[in-house]
Each structure stands twice: as structure tokens, then as C-alpha cells.
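Enquirer: First residue of the sequence shown: 6, per my numbering; consecutive thereafter.
Bear in mind the hints are in silico, worked out from the structure with no lab data behind them. Cβ coordinates follow ideal geometry from the N, Cα and C atoms, glycine included. Errors might be hidden in some of the hints.
Unchecked claim - No farther apart than 30 Å at their CA atoms in a straight line, the calculated lysine-lysine pairs in the DSBU-like style are these:
1. Lys267 x Lys145
2. Lys267 x Lys164
3. Lys145 x Lys164
4. Lys42 x Lys18
5. Lys61 x Lys10
6. Lys139 x Lys267
7. Lys61 x Lys224
8. Lys18 x Lys61
9. Lys139 x Lys164
10. Lys164 x Lys141
11. Lys224 x Lys18
12. Lys10 x Lys224
13. Lys267 x Lys141
14. Lys10 x Lys42
15. Lys10 x Lys286
16. Lys42 x Lys61
17. Lys224 x Lys139
As the list claims (entries may be wrong) - Derived CB-CB ranges, DEER-like:
18. Thr198 x Thr253: 17 to 25 Å
19. Leu76 x Ile285: 45 to 53 Å
20. Gly254 x Leu194: 16 to 24 Å
21. Gln114 x Ser29: 39 to 47 Å
22. Tyr278 x Gln19: 21 to 29 Å
23. Phe290 x Asn72: 43 to 51 Å
24. Pro6 x Gln114: 48 to 56 Å
25. Phe248 x Thr73: 25 to 33 Å
26. Thr127 x Pro6: 37 to 45 Å
27. Asp80 x Pro218: 15 to 23 Å
28. Ile119 x Leu194: 43 to 51 Å
29. Ile280 x Asn72: 37 to 45 Å
30. Asn288 x Ile119: 41 to 49 Å
31. Ile109 x Ile280: 25 to 33 Å
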Amino acid sequence: PRTSKDSVMAQVKQDLIDAQDSLSENYVTAGRVRVNKFAAKAMLARVYLYNQEWAKAEETASELIDNTTYLLESDCDNVFSESSHEAIFQLLQVAPGTGTAEGIAYIPQDPTIIPDYYLSDTLLHAFETDDQRKMKWLNKNVVSVDGVDVDYYYPFKYKTGYAAPYPENIMVLRLAEQYLIRAEARAQLNNLTGANSGESDLNTIRARAGLLPTTAVTKEELLSAIEHENQIEFFCEWGHRWFDLRRTGRINEVMEGITPLKGGTWSSNWSVYPIPFYEIKLNPFLTQNAGYN
Numbered sequence: 006p007r008t009s010k011d012s013v014m015a016q017v018k019q020d021l022i023d024a025q026d027s028l029s030e031n032y033v034t035a036g037r038v039r040v041n042k043f044a045a046k047a048m049l050a051r052v053y054l055y056n057q058e059w060a061k062a063e064e065t066a067s068e069l070i071d072n073t074t075y076l077l078e079s080d081c082d083n084v085f086s087e088s089s090h091e092a093i094f095q096l097l098q099v100a101p102g103t104g105t106a107e108g109i110a111y112i113p114q115d116p117t118i119i120p121d122y123y124l125s126d127t128l129l130h131a132f133e134t135d136d137q138r139k140m141k142w143l144n145k146n147v148v149s150v151d152g153v154d155v156d157y158y159y160p161f162k163y164k165t166g167y168a169a170p171y172p173e174n175i176m177v178l179r180l181a182e183q184y185l186i187r188a189e190a191r192a193q194l195n196n197l198t199g200a201n202s203g204e205s206d207l208n209t210i211r212a213r214a215g216l217l218p219t220t221a222v223t224k225e226e227l228l229s230a231i232e233h234e235n236q237i238e239f240f241c242e243w244g245h246r247w248f249d250l251r252r253t254g255r256i257n258e259v260m261e262g263i264t265p266l267k268g269g270t271w272s273s274n275w276s277v278y279p280i281p282f283y284e285i286k287l288n289p290f291l292t293q294n295a296g297y298n
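Let's have the full structure, built from the sequences with the hints guiding it.
Expert: Okay, here's the thing in C-alpha cells:
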């Protein structure tokens, strides 16, 4: 029989607890490109959140936020730099001077072509007008389409594509996530407003983006505002939005609305990936996930 989700997640948590207890607080080498105790702790905070263990998520995220090794960068342009104070764990460029995989994928070499990856209107319009992330984490190509100039916005968190004079590594874990983990955990624990609340953690991230404090008051409003902030803060980073929609049970609601805008259709079974064919070939007793037979 297939191992239950609860059993798998229990093992994930234990592995991360063992890792944080065994790893050094130091990074061993220059930069933050080796896993240390706090990288394991950051993943553990996320796992606690995903498993709705709110008190543990709050406590673990607080341990990172209270550690003076990590600080939110005041300027959004510095968040993804090699020397980012916000970085908890980064991946080193495979070949120094060639750019990050994200930069190479997202930044078009020609400013006159449609980028391979550009933002949907839905995501573009989700940014507030004065959001510094919109100003600094997006760039655009203006492309003539049937004689009409069209703006195509693409991710610009990483500033270099095929050449890398700007020192960057691939960001995997950063402190901003811990603030939003703690914000959501506190909101779920009904610690909504005031000092040391879900509201205050959310406003810390909004303030860095140059935005006014949230107007959310009720628990439902605050949780919705935190989900939205995650969407904006972590767009094009490791599937954060996808996993947020999956764990909150909103994946079908959202995907059914936006997939037709891209000319596609959505099937609810796609919220779970298929078991790879080669695994089933190796073990014919495996049962394929629904909808992929």
C-alpha cells in the first residue's frame, strides 16, 4: 500500500529536526551557499506551516527572525545579490560569470522580442501602484505586434542573463518568507492585530516594498492579505504560489479562473503530479494517480 501523507510528512519533519541539530550555525565556506542549521530550520518552519502546526511554525520562524545574522534588505534591488543579508541559503552559480539559471531563462537577450516568460495580466495587475517590487523586480520589452507597441513584462529579480557582472546566486531560502510564515501562523492563532501580531509581520514586508499598512482587520481578511503578499513577494520563486494554493485548497478555484485567460483548460487532477512512467515500469504494483492512466 502507498505510504500515507501523514507518515511521509512525519519523516520529513524528523529529518529536518535531525539536520538542524547536527548542522553547524556557520556556512563553512564564503557566502551562504552551504546548508547550515538555519537553512534546515527555515525549511522546518515551512513544513510546520504546511501541516497547520501553527504554534510550532510561529516559534521556528521567530528563531530565525530573532537571529541577527539575517536581516531584511531595505532595498529590493539588493535582495537577490550574492551578499544579501536576507539570504538563508543560496545556490552557487555553476560556472561563475555565466549568470543564474533564472536570469538566463527570464531575461531576453534581445529587447525587441517577446520574452519567453512574461507576466500574465492577472499577476501584473495584482501589484499595487507604488509597490517597489513592481518597479525593481519587473522589466519589460516593448514589442510591435501588428503595428501596435505592446508591453511585455518579465521577471527581473535577477539582473543578469548570459553574462554576470552583477554578483548573484540563486536564492532558495530568505528571511522574508519567515515573516510571512509567522504572520500566517499568528493569524491562524487569532493573534491578528497590534504589536507582535500577524498584522505587524505582514506590515514589515509591505513597508520594505514602500506600501502602507494593511487594512485587513478580521481573520479572514488578514489571511487573504497574507496570501496575496506571498503571491507578490515570491512570484517566480520555486513554485511558492502553487504550493500555497494547493495547501489552502484553492488550487481549482484559482486555476479554473486563470487558465482560460491563457487559452487553456484546467482539470482538477492536475493539482497532483503523475507518478513518473519509469517508476511504474520498475514497479508494476504502483497505482498511477487519478486522471493519468
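Enquirer: Next step is simple, just say for each hint if it's right about the structure.
Expert: Each hint tested on the structure:
Proposed proximity of lysine 267 and lysine 145 is supported: the alpha carbons are some 19 Å apart, at most 30 Å. Taking the CA atoms of lysine 267 and lysine 164, the gap is about 27 Å. The hint holds against a cut of 30 Å. With a CA separation close to 13 Å, the supplied pair lysine 145 and lysine 164 stays within the 30 Å bound. Annotation: proposed proximity of lysine 42 to lysine 18 holds, straight-line Cα distance about 14 Å (limit 30 Å).
Of the supplied pair hints, the one linking lysine 61 and lysine 10 holds, its CA atoms being roughly 19 Å apart against a limit of 30 Å. Only pairs whose Cα atoms come within 30 Å are accepted, and lysine 139 paired with lysine 267 is accepted, the gap being roughly 22 Å. Among the hinted pairs, lysine 61 with lysine 224 is consistent with the structure: their alpha-carbon atoms are about 19 Å apart, no more than 30 Å. With a C-alpha separation of about 11 Å, the suggested pair lysine 18 and lysine 61 falls inside the 30 Å cut-off, and the hint holds.
Our distance criterion of 30 Å between C-alpha atoms is met by lysine 139 and lysine 164, whose separation comes to about 14 Å. A hinted pair counts as satisfied when its Cα atoms are at most 30 Å apart, and lysine 164 with lysine 141 qualifies at roughly 10 Å. Of the supplied pair hints, the one linking lysine 224 and lysine 18 holds, its CA atoms being roughly 28 Å apart against a limit of 30 Å. With a CA separation close to 28 Å, the supplied pair lysine 10 and lysine 224 stays within the 30 Å bound.
For the given pair, lysine 267 sits about 26 Å from lysine 141 by alpha-carbon distance, which is consistent with the 30 Å threshold. For a cut-off of 30 Å, the pair hint linking lysine 10 to lysine 42 stands: about 26 Å separates their Cα positions. Of the pairs offered as hints, the one joining lysine 10 and lysine 286 holds, with about 23 Å between alpha carbons and a cut-off of 30 Å not exceeded. Under the criterion of a C-alpha separation no larger than 30 Å, the hint pairing lysine 42 with lysine 61 is consistent with the structure, at around 17 Å.
Proximity of lysine 224 to lysine 139 is assessed by CA-CA distance (about 27 Å); at most 30 Å being required, the pair is judged to hold. Range check, threonine 198 to threonine 253: Cβ separation about 22 Å, and the 17 to 25 Å hint holds. Under the hint 45 to 53 Å, the C-beta atoms of leucine 76 and isoleucine 285, about 47 Å apart, fit the expected range. At roughly 20 Å, the beta-carbon separation of glycine 254 and leucine 194 lies within the given 16 to 24 Å, and the hint holds.
For glutamine 114 and serine 29, the hinted distance range of 39 to 47 Å is satisfied, since their beta carbons lie about 41 Å from each other. In this structure, tyrosine 278 and glutamine 19 meet the distance hint of 21 to 29 Å, their C-beta atoms being roughly 24 Å apart. At roughly 46 Å, the beta carbons of phenylalanine 290 and asparagine 72 sit within the given window of 43 to 51 Å. Between proline 6 and glutamine 114 the C-beta distance comes to about 51 Å, which sits within the given range of 48 to 56 Å.
Range check, phenylalanine 248 to threonine 73: Cβ separation about 29 Å, and the 25 to 33 Å hint holds. Evaluation of the 37 to 45 Å hint for threonine 127 and proline 6 yields a pass: the beta carbon distance comes to about 40 Å. For aspartate 80 paired with proline 218, a C-beta distance near 20 Å keeps the hint of 15 to 23 Å intact. Take isoleucine 119 and leucine 194: their Cβ atoms lie about 46 Å apart, and the range 43 to 51 Å holds.
The hinted range of 37 to 45 Å is satisfied by isoleucine 280 and asparagine 72, whose Cβ atoms lie roughly 39 Å apart. Restraint check, asparagine 288 to isoleucine 119: a C-beta distance of roughly 43 Å satisfies the suggested window 41 to 49 Å. Judged by the Cβ atoms, the range 25 to 33 Å given for isoleucine 109 and isoleucine 280 holds: they are separated by roughly 31 Å.
When held up to the earlier numbered hints, the structure conflicts with none and fits them all.
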